[in-house]
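Protein chains: 2
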Amino acid sequence: ENWVIIGVVCGAAVLTVGILIGHFGIAKSGTSAPSWLKDVAKDVDESLIEKFMSEVDNIQIQENLRSLTKVPHMATTAGDEETVQIMLKRWQDPETGLDKAWREEYWVYLSFPDKNNPNTVTVVSPTNTVLHTIREKEKPYTPDQSDPEVVQPYAAYSPAGHVKGKLVYANQGKPSDYSELNKTVDLRGTIAITKYGGAGRSAKAINAAPYGVVGVLVYTDPLDMNDGLMSDANETYPHSWYMPPSGVERGSYNIDFGDLLTPHLAAKEETYRINATDITGIPPIPTQPIGFEDAYRLICELGGEPAPDAWQGGFNCTYNFGGPGFKPTSSFTNSDVKLDIYNYEEVKPSSNVMGFIRGSVEPDRYVIYGNHRDSWVHGAIDPSSGTSVMLEITRVLGKMVKQGTWRPRRSIIFGSWGAEEFGLIGSAEYTEQYFAALSERSVAYINVDIAVFGKKLHTAPVHQKMGYLTGAGSDYAPFSHYLGITSMDMSYTYDKTKTNARIYPAYHTAYDTFDYASKYIDPGFVGHQAVARTAGNVLIRLADSLILPLNCADYAESLEEYLSTALNLYEQKLKSMNISMEPLKHAVTSFRAAVSNLEKVIQSPDLANETPLKVRWINDQLMLLDRAFLDPLAFPDKYGFRHVIWASSSAGKQTFPGLADAYANAESSGQASDWDKVHYHLSVLSQAILGAASTLTDDMQTQTWRK
Amino acid sequence: ENWVIIGVVCGAAVLTVGILIGHFGIAKSGTSAPSWLKDVAKDVDESLIEKFMSEVDNIQIQENLRSLTKVPHMATTAGDEETVQIMLKRWQDPETGLDKAWREEYWVYLSFPDKNNPNTVTVVSPTNTVLHTIREKEKPYTPDQSDPEVVQPYAAYSPAGHVKGKLVYANQGKPSDYSELNKTVDLRGTIAITKYGGAGRSAKAINAAPYGVVGVLVYTDPLDMNDGLMSDANETYPHSWYMPPSGVERGSYNIDFGDLLTPHLAAKEETYRINATDITGIPPIPTQPIGFEDAYRLICELGGEPAPDAWQGGFNCTYNFGGPGFKPTSSFTNSDVKLDIYNYEEVKPSSNVMGFIRGSVEPDRYVIYGNHRDSWVHGAIDPSSGTSVMLEITRVLGKMVKQGTWRPRRSIIFGSWGAEEFGLIGSAEYTEQYFAALSERSVAYINVDIAVFGKKLHTAPVHQKMGYLTGAGSDYAPFSHYLGITSMDMSYTYDKTKTNARIYPAYHTAYDTFDYASKYIDPGFVGHQAVARTAGNVLIRLADSLILPLNCADYAESLEEYLSTALNLYEQKLKSMNISMEPLKHAVTSFRAAVSNLEKVIQSPDLANETPLKVRWINDQLMLLDRAFLDPLAFPDKYGFRHVIWASSSAGKQTFPGLADAYANAESSGQASDWDKVHYHLSVLSQAILGAASTLTDDMQTQTWRK
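Here the protein sequences come in this chain order: U and V. Heads up: the first sequence runs through residues 1 to 707, numbered per the working numbering. Heads up: the second sequence runs through residues 1 to 707, numbered per the working numbering.
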């Protein structure tokens, strides 16, 4: 069987798995030499990695998954607490547990639908007759979907409210979509139906409100997820991995990550909270996701002009803009669409479960491995595939620790994060609480959330793809963007040339169950096993290698690529504005020179006679390199993003994000003050890159500065 | 002779000079043990410190001072460049220099008077006859004052401008002073004369402008500086250390430190600069300092009501508010005071001179020692007393390094900062440029600016006083407040119970010369010698001690004192507002517990058998403790202040600055949103203190969190 492995690696100092840089042979000690001498000089043990790999068991992972997905475990529910207990029991097991495990609680601001007043979406006639009601819950195919704890599909953080209006079709809800639609249709007082994709969840409502749109529906178009397939008679789950017609992608409709009431502060019980009315980045108008079964009914009845070709989707009808509202021939003609949203917000305690293996030689260095625990429903793939893998890794490592056959050189922290689905809350609060210690000591963060995205459609033998962690798609974001810790997000996925599905189709639906996972995502769980082996291998190397397996030359290469793109895109125009890119060029050149010097030190044969403090010095340079790129003031409008190289960007260019966004903004506005911001970001970047280069020297002097 | 030593020590991990915590006896190595074993276990050598102390020579310091004060050396002038050359020559000396020394240049925004159009202050009659002209330059008593490079007294960063109006007397120019004065006098269109003291230099003008005041004069009242003495016939310099009647304190009239055009960015040639019009914290109206000889003439002629008792000063007349303007019996009656200010601003290259001694065992740990080099005029005391001391320390240490008899365990960086007088510019730009490396590696910063403030008036045998570095009085500020590096500011000073002089009286005048220093501040230079010995002793201990001589128990004590004060002042009221101080109490308790645990580790006899990495781990905890208190977002209105314990405060309470200021503000406004800010600052503090406590453990768990 052929598998495709995509490891998304933080562009940071890239993990060079399997390759060790430098070998140390400190002179053998005689009887009078201290006993610790051997320990401090010890490198990673390849036979131990072999042993680890061979013990990782696919059936154990399968059973982990079965037990984690017995019931829905949305954050802070009874089902969530059951998974907390599973984690604690496993990590505190006397034979296969960790040194210790404990719970860390945060009081976090969440949003739920009201069980007693389910959200409804209806088509109502001018005389207020309900002509059609959108399905309240997904259609059950296995008993899982009938569990009363399956949460009704909803848009978390959408405000409650009762709105009705004529329906319009707004494509993906991007700013350009509404602007285009507004040319033909007066949007005031309308309800917009939009497809997932193209814009963030909450952006679809945030972009709509300025036009006077009063409510937003969101659905998954079969073309974007199901390769066009729509029939649950024989095409969709339970017949395949495709989303059934009533499937609905739930989700958190917010832009910023972390608890929304306690920015920059860990959400402890008595922590100061901002007023909920001051939260930004959430929908200003009622919003509700629906299935494509219902969306089909609504969209194909719409009147008005046909929407542009690019807006058409998988339904066998023309997608019209809306008159606004339905076409004259429709039984819905003149009717409104009505949203009755009863979502409520509540501050509730959410738990991270933490596990710890104390390092033998450098206990004050942390390798962190984590995944969230909470799901929207049963969450077999998202996130329990990752949690099952984590539990198998900790079982094998824990056994060795308990048996006394192994203890890592550096400490290992395991995190089972809570409330990720509501905006990476558990991991974000953790990084806020332990900001100082984590910044000073963390070697790297490994994230395995969705361990296996799929396998059915592969034909390529082995397909490797690496990317940069510039977004906030999972719990790596607070580590990478807020703390500047070198991070890796790893998963097994399908060949994206073989399907248009933008993610596995049961994502965030009631169909993401053990049945689905074991039948359509990874039968036999060998994909999971491969991820566990790979992630565990990386983890052990980070924990045990004498010299950290972080390759700073890759970092220089990334900066050079970014620079080259930036020069192509911007230099000519900036020159004409009297803004020089020379300082940025010098900075990147200097960085490369500093990296080359460090590499020479690492490869120096003299190292063999050096002290453990020299090795530590080299490792500290590698470990802290990413931290040097943090600027807490560089992106005042992007919460939690402080890394000037890897921050998210909306400009869609593969280059420095602050520069790209500032340039796009200045180009569009043409204002002098916006060109000033481009110049400012160039200076921020040059200073950060030169500052990082200076951390790779002993006296902070780099080549360029000395001229 | 009796001396008074005041060491102002950053409340941070306080340097426990002379006390070594923990002794290490790592098992002696046999022939087969590696050669570095002895080096990594070596502790500070007391005999070396003895040797250092005995070689520090008062006459060398005297000659250093003589050569540094030959000519005026205001920042970026030819005289400044002469001192750059002196520093480079000394630090590059093959026999007594450092490993290396170099220049670091920044392009900084400075403000100067125009040599060709000197600022003038005149009394002009209604017919525009000039009745009186304020003295343009100080009266010469030694040839020094006649040097054409003596800069005219001026208020740096005061805008140029031509204003006139009736004179009023506004005491110290505090907000309360103007508010009081405004009850009696219509301030619109007036010129205010104010005394130094009570409010920051630029604040006197910033506070005035909202009342419609159009210009500000500032003078030194003889009561505040000269113990009332005024006559240069026999009372003031050259007859004593007191300020002559024409003496004027120059100064930088700005609030924020660092280059004003490049906040948070090192001011390199091509760095982005904000518009000068966007600078805040500088006088909005023309401002000029004058001598008390002229101030006497102006104030004693003022009309209007007598000013309150507390506003009266050392002149033998009643200080009136001003009619506004002069009294009817004065020859100045009906006349205006006119300011013609020609100050101009210019971006000019300013140099730091850097020196480096590479550490033998931990080259990636820095002990930093610095002082500024620039003065307003000859600057014998400010700053050349400190520079003379620094040069003597580097001479003695440099000789040992060059002879191969000593090399510190850790690296030592020496900084001779430029443009401090304009707002700590050289040191601030340096910390911005090397933010990452300095944050990661700096053990401590030692500042010796004015080494000796005076000695004539002492009677107390030995007078020790310690304070916290909460302000921005010298170059420690960017290290302590911006980078969170444990800092110390050290000097020798007079007994403040014996004189009301708020500083040595020649401060920032043309009389701060070698003659003045050697006659009235430290004849024989033994005060300088004592400072050099003490500062060098601390420096060597920081550089060589196996365990850093930073006492974290003192930190716990400071927090407990702050807490106790805060509880007394605020708890009852806050309770009534439903704001709990319990989290802050828990945080401080937790911190104390963590400190006690670390102390046990440090004192553990088992340490003798531990690895060098264990020692490093302990030292890293001590070194990085202050860093844990940084919050770059805690004080958005205080540029450069990020340390939540030691930041400056205007509330005048010996407690947590953010809390004290927020409380004072809320109490005065009574607004709910301001009480919210009190709550916010309590959370910021609790999180920072708990976060710092967690850095003193291996797994980040502290007592309180575990309950």
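Keep in mind that the hints are not guaranteed to be accurate.
Claimed, not checked - The calculated lysine-lysine pairs, modelled on DSSO-like cross-linking and capped at a C-alpha distance of 30 Å, are:
#1 U:677 x V:348
#2 V:348 x U:638
#3 U:100 x V:585
To be verified - A few chain U residues that face chain V, going by a derived Cβ cut-off under 8 Å, partial list only:
#4 264
#5 404
#6 583
#7 620
Claimed, not checked - Output of the computed footprint for chain U on chain V, the stretches with three or more beta carbons under 8 Å from beta carbons of chain U:
#8 265-271
#9 431-441
#10 576-588
#11 610-616
Everything labelled a hint here was simulated from the structure, so no lab data went into it. Every residue gets a Cβ at the ideal spot worked out from N, C-alpha and C, and that includes glycine.
Verification of the hints:
1. Between residue 677 (chain U) and residue 348 (chain V) the CA atoms are separated by roughly 23 Å; this keeps the pair inside 30 Å, and the hint holds.
2. For the hint pairing residue 348 (chain V) with residue 638 (chain U), the CA-to-CA distance comes to about 35 Å; that exceeds 30 Å, so the pair is violated.
3. About 27 Å separates the Cα atoms of residue 100 (chain U) and residue 585 (chain V), which keeps this hinted pair within 30 Å; it holds.
4. For residue 264 (chain U), the shortest C-beta to C-beta distance to chain V is roughly 6 Å, which falls under 8 Å, so the interface hint holds.
5. Violation of the interface hint for residue 404 (chain U) is found here, the shortest Cβ-Cβ separation to chain V being roughly 19 Å, above the 8 Å cut-off.
6. The interface hint given for residue 583 (chain U) is met, as the beta carbon of that residue sits about 5 Å from the closest beta carbon of chain V, less than 8 Å.
7. Because the beta carbon of residue 620 (chain U) sits about 7 Å from the nearest beta carbon in chain V, less than 8 Å, this interface hint is met.
8. With 5 residues bearing a CB less than 8 Å from a CB of chain U, the segment 265-271 of chain V meets the requirement of three and the coverage assertion stands.
9. Under a criterion of three residues with beta carbons nearer than 8 Å to beta carbons of chain U, the stated coverage of the segment 431-441 of chain V is upheld, 8 such residues being counted.
10. Judged by the Cβ-Cβ criterion of 8 Å, the segment 576-588 of chain V is covered by chain U as claimed, because 3 of its residues qualify and three suffice.
11. Three residues within the 8 Å Cβ limit are the bar, and the segment 610-616 of chain V against chain U gives 5, so the coverage statement holds.
Violated hints for the displayed structure, listed by number in ascending order: 2 and 5.
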